Structures are given as C-alpha cells and as structure tokens.
Amino acid sequence: MSDATLHDAQPTKRSLHQIDARTKRRNAAESRFKMLGIGAIGIGIAFLVILLSTIVVNGVSAFQQSFLEVPVYLDPAKLDKKGNRDPADLKKATTFTYAPLIEKGLLEVVQTAGIETPLSKTKDMKNLISSSAAAQLRDRVLADPSLIGQTVTAKILASSRVDGYLKGRVHRAEIAQDKNITVEQLDLADALIKAGILHKSFNLDFILGSDASDSRAEQAGIGVSMLGSFYMMLVVLVLALPIGVAASIYLEEFAPKNRFTDLIEVNISNLAAVPSIVFGILGLAVFIQFAHLPQSAPLVGGLVLTLMTLPTIIISTRAALKAVPPSIRDAALGIGASKMQATFHHVLPLAMPGILTGTIIGLAQALGETAPLLLIGMVGFIATNAPDGFWDGFVSPNSAMPAQIYEWAKRADPAFYERAWGGIIILLIFLLGMNIIAIILRRKFERRW
Amino acid sequence: MAVLWIAVLLAALTLGGFFAGRMRALQTAGGDPRLLHSLPSYSGTLVAMATLLPALILYVLVVVFRADPVLQIVVTVVGALIGLALSLRLIARDFRARNAVEAGIKGLLIAAASLAILTTIGIVLSLVFNTIEFFRLYPITKFFFGTEWTPSFGGGSELGILPLLWGTLYISFIALAVAVPIGLFAAIYLSEYATRSVRGVVKPLLEVLAGIPTIVYGLFALLTVGPFLLSIFGPAGPTAAFADGGWMHAGTAVMTAGLVMGIMLIPFVSSLSDDIINAVPQSLRDGSYGLGATKSETIKQVVLPAALPGIVGAVLLAASRAIGETMIVVLGAGAAARLSMNPFEAMTTVTAKIVSQLTGDADFASPEALVAFSLGMTLFILTLGLNIFALYIVRKYREQYE
Amino acid sequence: MNDMTFTERAVTTDEIKITARDVQVHYGETHAIKDVSVDILDKTVTAFIGPSGCGKSTFLRCLNRMNDTIDICRVEGDILLDGEDIYDKRVDPVQLRAKVGMVFQKPNPFPKSIYDNVAYGPKIHGLIRSRAELDEVVESSLRKAALWNEVKDRLHAPGTGLSGGQQQRLCIARAVATSPEVLLMDEPCSALDPIATAQVEELIDELRANFSVVIVTHSMQQAARVSQKTAFFHLGNLVEYDDTDKIFTNPTDPRTESYITGRIG
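Residue numbers (this note's numbering), protein chains in the order written: chain A, 1 to 449; chain B, 1001 to 1402; chain C, 2001 to 2265.
Hints in this document: simulated from the structure, not taken from any laboratory.
All values derive from a computational prediction rather than experimental measurement.
A couple of the hints might just be wrong.
Capping the alpha-carbon separation at 27 Å, the derived lysine-lysine pairs in DSSO-like fashion look like this [what the hints assert, rightly or not]:
| hint | chain 1 | residue 1 | chain 2 | residue 2 |
| --- | --- | --- | --- | --- |
| 1 | C | K2112 | A | K34 |
| 2 | C | K2099 | A | K24 |
| 3 | A | K200 | A | K179 |
| 4 | A | K34 | B | K1300 |
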C-alpha cells in the first residue's frame, strides 16, 4: 500500500490530559444540545403545570356558593287563600307569590340587624336573591303544606352577581352598566357578610344538581349530565368490551392470513386515526337520520362512542392476547382441548387484566370526548331533568359532562365559566380515577413470561 | 315497551332451549353422558344459540323496517321458536354439538371483527349520499374553488371551502411548529440522555397532557390563552405601537388555537418519536462513539438521519390529528372564515364549520346543512390519506431494522 | 492460507503502547474482569482469545472507554496509553476514542453514503481543512481497507448496500480515517463468510504497519494467523500472555493448553 502515505504521518502528539480547543468547542456544543432537550421537557412540563393550575384556580370556586340565611314568614293569606291546604289549590300559588315573601324576609333581617342602607323597599332586595330561590321554597311548601303560617329559616341562594362579588369576579368599578346589581346592593352585601347572614359554603348542588337557564348561573350543576355520561359509558362498556374482545380473539387466534383479514386490519388501524367529528357525522346520518333513534339520547351517544373506542380496545386486547405465550395454548391443545376451548379456558383468562386495562383507558377516552356529541344533539339545550327511571335514562334527552362544559363555555354570562372550570375538575377526577384503576390492575396482575 | 317484552320472552326461550337441548341429548344417550359425542351442555348451548341468534337478526330487521310493536313481538318470538324446534331435532347421540357450537361462536367472532369494515362503510356511505345531495343543490366547482364562506339560512349562501381549508392548515401549521421541536427534543432527551429514573417520572408526566380531554384544551384556549395573547398583541398590549391598533382584536385567533393544539400534540409527537429513536440499533451509536463522536454528534449525524423516515411519519400522523381536531378550534379559533396571513386574526376550520352547520336549527335538506357532509368527506379523505401514507412510512421504517 | 501456519512474524517493535495494571471491571454485581495486567505493543497485532463470557470483549472495550456508555459498568485499576492514564478525570473519552478506534462484531455502516461513512470521523474531529483534503483522506482510508477498487465508482451509494465483507472493510476504513494510534477489533469476522474473513485478515496484517491492533477473536486459527502476541482469558482472568507461537505450541498454563486443544470453551 505504497500510495497511501499522505495520511500516515502521525499528527503531532497531543497529551490526553490536555483538552484541546476543538474538543472544548465540541463539548460546549454537546451541553448546548443537551440543554435543548432539557428545555423542551421543561416547556412541556411547564405547560402541564400551567394548565392544571389554571383549572384548579378557576374551578375550585364552583364548589363554593354564596347563601343567605333568611327567616321567611309563609303567609297563609297569600299562599293559601282558601285556607283548606288542598295541594291542588296550593299549586296555584306561583313563584311570583313566593318571591316577595323572601324579599320581605330579607328586608326584615336587614332592618333588625340595624344595617344602614338607602335600600328600604322589598323590591330592592330582588337583585341579591337568586331567582331560583322562590321555586325552591315553593317545592318545600308543596312537599309539606303544614309549614304555611310558620316562619321558616331558609338557606337561600344568593344571586349570581352577589356570588361573583364574594368570589372576586364582580367588581364595583365594572357594574355601572349592569342592570342586575347596584353599588348600594354590594354595600348591603358587605354588611350582610359582617352580620353573618351572607356567607359561602360547600355547594353540593353543583355536583349533583342539574343545569339551569342562562340567567341562573348560581343554580347550575353538573349532576344530570354526569348521569348522561354514566349511561353512555354503560352502553360503551356493554357493547365495546365483548365486541372488542371477540374481534381481537378472532384476529389473534383464528384468522387465517388472507385478504379479508388484511382488510379488517387496515380498517382498524385507520379507524383509530379517523377524527372523532367524523364519527359524529356517522352517528347523525346512521343512528338519527336513518334509524330514527331519538336525538340527544345517551343511547346514541354511547353507540357513537362505542364505534370510536373499539379500535383502541381491539389494539390493546390483541397486545394482551399476544403476550400470552404459545406454550399455554400448546399445553391445552396437547390434552385434547379444541382450539376454542384452549382460547376461552386458558388464553382469555390470562389476558384479562391487560384487556381490562385497555378497556378502562378506552372508556376514559370516550368519557372526555366532546365533538361527536355536538352533532347528535347533546348540547344546545338545558339538561334540567333527571331521567324518570333506569331505562328511561338511555333514551331521554340528556347532556354529557364534556358537552355540558362546552355548553357553559359558550354562554354569555362569565359566571358560567367558573362552572365550566369546576366541571373540568370533576371530569378530570373521574379520568384520574379510571387511570389509577388501570395502573393498579396492570401492577397487580402484570405477569412476565 | 315492545323491547322489554321481547327481551323477557327471548331470555325465557333461550334458557328453555338450553335445558331442552341438554335433556334431549341425555335422553338419546339413555342418561349416560359418556355415550355422547359432546358434553350435554354443548347440545344445550347449541339450541340456545339457534333460538336467540335468528330472533335477534329478525328483531333488527323489524326495527329497521319500523314494524308496529305487536308485529315486532310476534315475528321475533316465532323466529325464536322455529330456531328452537329445528335445532332440537338435530340433537342425537352422535351429533357433534361441540363442533357446531364452535362454528357458531367463530361466526360471531368474525362478525365482531367485521364491524370495523361495517363502520368504515357506514362512514363512507353517510358522507357520500349527503355529499351527492349537496352537490345537486350547490355547484361542485364553487365548493372546491370558492373563496367566500357566507352561509345564510335564508338562501344565497356562498359555500367555498378554501377559506376553511386555509384556516385548518394555518392552525395545524402553528400547532406543528410548536409540537414538533418540543416533542422531538423531549424524545431525544428521554431516549438518549435521561437516566432510567428521570425517564420514569418525566414520560408519564408528559403523557398526562395526552390524556386530558380536548374540551379542556378548548376552554384553556378560550378563557386563558386567548385573553393572555390579547393582552400582549392586542390594542392595549406593548406591541400595539408597532402595528396600528395592535395585530389582535379578539381572544379567538389562529395563534390561540394553534398554540394550544401544539401543547396537546407535544406528547403525541414525543412518544411516537421516542419509539422510533429507540428502534435505531445500538450498533450504529456504538460505531459513532467508537470513532470518538460526542453524543450530540452521534444523535445529529447518525441517529436522527437513520430515524428520519419514521419521524416524518410521526409528524404526518400529528398533522392528521391537528387537521381533525375539533374542540380547540371551535372554542379558540373564532367563527369568521377568512383568507388572511395574520396569525392573530380569527379564522375558522373545516371541523368548526361542520359543527356549526349541523348544530343550528337548519333544515337537514338545505345546502347550508348538507355542506357539512361535504366538509366531512373532505376531512375524511384528507386525514385518511395522511394516515395511510404515514403508517406506510413508519412500517417500512420498522421493517428496515427488524 | 492454511489453518495453523504462522504469518511471518517476529514482533517488529518493543515499544509499549498500552499498559494495563490490576484492572477490575464490575457489571453491577458481576465481577467481569479480575486483576488483569498486560502490556500491548505498538505496530503489533495482539489477539485476545478465550471461551465466551471470559471477559475479553469487556476488557477490549475498557481500552477506549466504550464501557462508559453502559450505566452499571465500573472500571478500576490503571490503563495507560503512551504513559497517560486514560481513566484520569482530565481525559475526555471523545479525544481518547479518536486515538483508539474501534471496529465492531457486526458491520455497522451508518445509513449514509460510502463517502460520508469514511468522512464522518475526520469531519467531527476537524482533521481536514478542505474538500480536496477530505477526498484524499477518504481515498487513502478506503485503499488501506482494501476497498477502494471495489467502491471507487460508487462512492455516493449508501454504505448499507454493500456486501457483509465490504461493509466490515468500510467500517475499518471509517476507523482508519481518523488516523488512530490503536485499532480495537471486536470479533470483526464473526459475521462474515470465509472469503470475506480472509480478506479482512489480510487487511489486519497490513494495518500492523501503521497501528497497534488489538483483536478479540473466537477462532484460535484466526489468532494464530494474524497476531504476533496472544492473551488467553478465562473466567475474567488473564491466564497467559505471550508470543503467539509460544502460546499455540508451548503454553505454560494447563488451562491454556486445555483451551487450545479443545477441552474447554
């Protein structure tokens, strides 16, 4: 190799113990590059922290609500003009009859507490009180007519503006244009707080209650739509788990390698990546337009989410089946079990923890999904009524948690935003719970072959 | 209430069929199950299946054809009885009940697997029929080449898809511009630098971002990111001096939606890239280290070029996600269809318009509602194309190193 | 080349290139290398032989600190290159590996062109100043690896498209291009067919003119064919280290004898 001399001359010897300038430069580039990676991860985690803390900061207040403790005299002269306590007649007294009683009660409280305020008419109290208070009091009286004639202490929802004032959402400087509250009323609210009549307390109705109309943000709760989500998840679980497991068993254990099987495989992997809104279009066209199933029904929502979740469940179930070693199948076949028996008696039980984990994760995905629900009509109305019975829950119009959150986000009154953030907290708690169950299942039953 | 009656009757018949089949099998063997080909419970299961399955198929048919409730009950129950009677006659001492049951179960398994094909057919049909209907009412060229989107339910709408496509692509581009560098660098750090314990903490944390529902991101865009951007780029912000009255006029904008979507896609990009980088064989890294390359030189000049096809596939999958994302753009991007370059302006997307055209009170037969199906068709084809292409690239890439 | 013929040998130099003293290597709980001391000569081919798992590859990877990339690996003792401790805190493994190149068991060309594969080392170490110089380095390295004539017309074709033997010679060219002082080879022929093996062996003998070569091999015939010095490893110990013909004809240690006569390993 005589022609290869040029490169043979040894470069001038350099000590290993001295780092040359070029190596220093290269090492600097190295640490810069590493910093880029750390930076990327830092940004990712910072986003997570910002997102979660935004949710908590904005949403926690939804779990607290402002209430007024007001003794209300249930005047028989107004509520029961005939004096016979006949329920049919009592129902004739509308909320318009009850509202002034509450306002009067509040005014009396103000006066007996010796609070100085220019507001001296019952009408002036109206803006402090939620318009739902009268309906609640009426329900109470109808349930127990013997209360009429007594003075009952009612825990009454404060109006959304007062609630916002207590929570720092409504400021004095900004209410000049607001018809629903005045500065004097806010002064009065301050005094009522001092007197211990107006206070914030835990708001169970937000978790269990139903949605309320546009003007009653203080009354809106997520309970009914939670029920809607529950029914949808029931449908998804009952349909997607067996169908998903059956499909996976066929593909993993029985399917011959042919074009039909390939077609199924291609379909599954593509369906997993189809945008969720397209499943909404499918639901609208097939279940509502064609099959005439009721709009806004959790049943339809469940069906759509089932189709959407199936690919996820199939993919994870197949992974779980694949993880069961062939020796188990051989052992069962070797003692004369049929292939079907080997699969159902031996392989499937061993794969079950993995299947359940995948199913729970699929369900969690379905629980948070919103877009397809918009198209099948699960938004745009007020989900006020709980279903009339277990079976009715599948077909009676309802919302779902994420759809309810969307609905609140779209409303004009910013008081609903707090509801939306609070709803997200509840939704995330459910998701967290499901994921924790999945992790525990995996940890507990994970088997290394 | 026909459903409840049918359910109760079918359950009773099926259960009856099971015991009848079992008993008949035992009878034919004179009470000695050892003489039978199959266990008696297989005979029972066969009869139960033969009772239930035809009845269920009949039920679906009567529901689809909207027969009246009494007819529904009669047809299903008669179907069940026929199935029961016929299958019961089959039971004999040498009858291979187990094989028959297994064939039946296999049929069910195949049916379950075929549901994926049915779903795709359902999607395609529901899009195609309504799209054809739409193009009967509205010229196809105006839809694909129109630059105006001004639907009005009173008629005279302009329904050109271009402004929507522009908004979609613009927002997706911003989302990818955020997600790809962050996701990729995070993946590089996690797979090449991080110790096992750091990886064990950071990877799940990033994946939390992927588990958060899109409605949450939507709300975050609408109520947090939008107002924040407005306070910087809006008329009252520090940049207002550069542009006449600020670049941004409302919280909802391309930038708002794109930024938030980018955050959502970070874990998607990072976990896909992580898998792909891990698939690069260690021997290539060793070869590079053995020559005295530093880690970053190895990554930049050996690992990334080797992983490039896979990473391109991952980016395409992320792009398809971004294009199909709905809730973030519905809440964060605005409603105005616009062909503009300003990323701080409100624009709208294909998905957002599908929602708005189908959630109004519009008549389903009007072009204003039907256009949603054509938009859906466009979206479906676009994302399907991207997915197939991306999955193809990723698969080819995997095969290379297997 | 017949099986047990010895190449024209007589160790050409007595200059010591690498000195190892009392080297211990731990893999987690496992004590992989025990008390190994050895002097490796310049311009000499040194073979490490021994049964699988005896630690010969592990020891080889200590010589350019490739073990650093494995988290659980711990190295103790002294290894000196030209009298300088390579495990000294001041030593940058990157600089060390430029001097001590390595060729691996399986050919691992980068997914780049043949040219770029060879140019990789000189580029990252900044050994060249111009394109023309780089061309020259690539050509001379490929010539040294006896690959030039086969690839000169397709320098920009991907390196992964070559045959197994060509790929391995490309990897050798790649290592040679950084002009190292020592070349470590970890069973470089184990993935090759006999013809390719013969070519690579011939090449190793030629490389001796310029480098100190250390080769780990499974094949005693190979050690006999290419090396001047041989070290026999067994269960993490260096059992015997001597001139190759001495080891194969008249080993001192009974274990060495058992191994070369086929009783252990």
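Review point. Among the hints numbered above, which are violated by the structure, and what are their numbers in rising order?
Key: none
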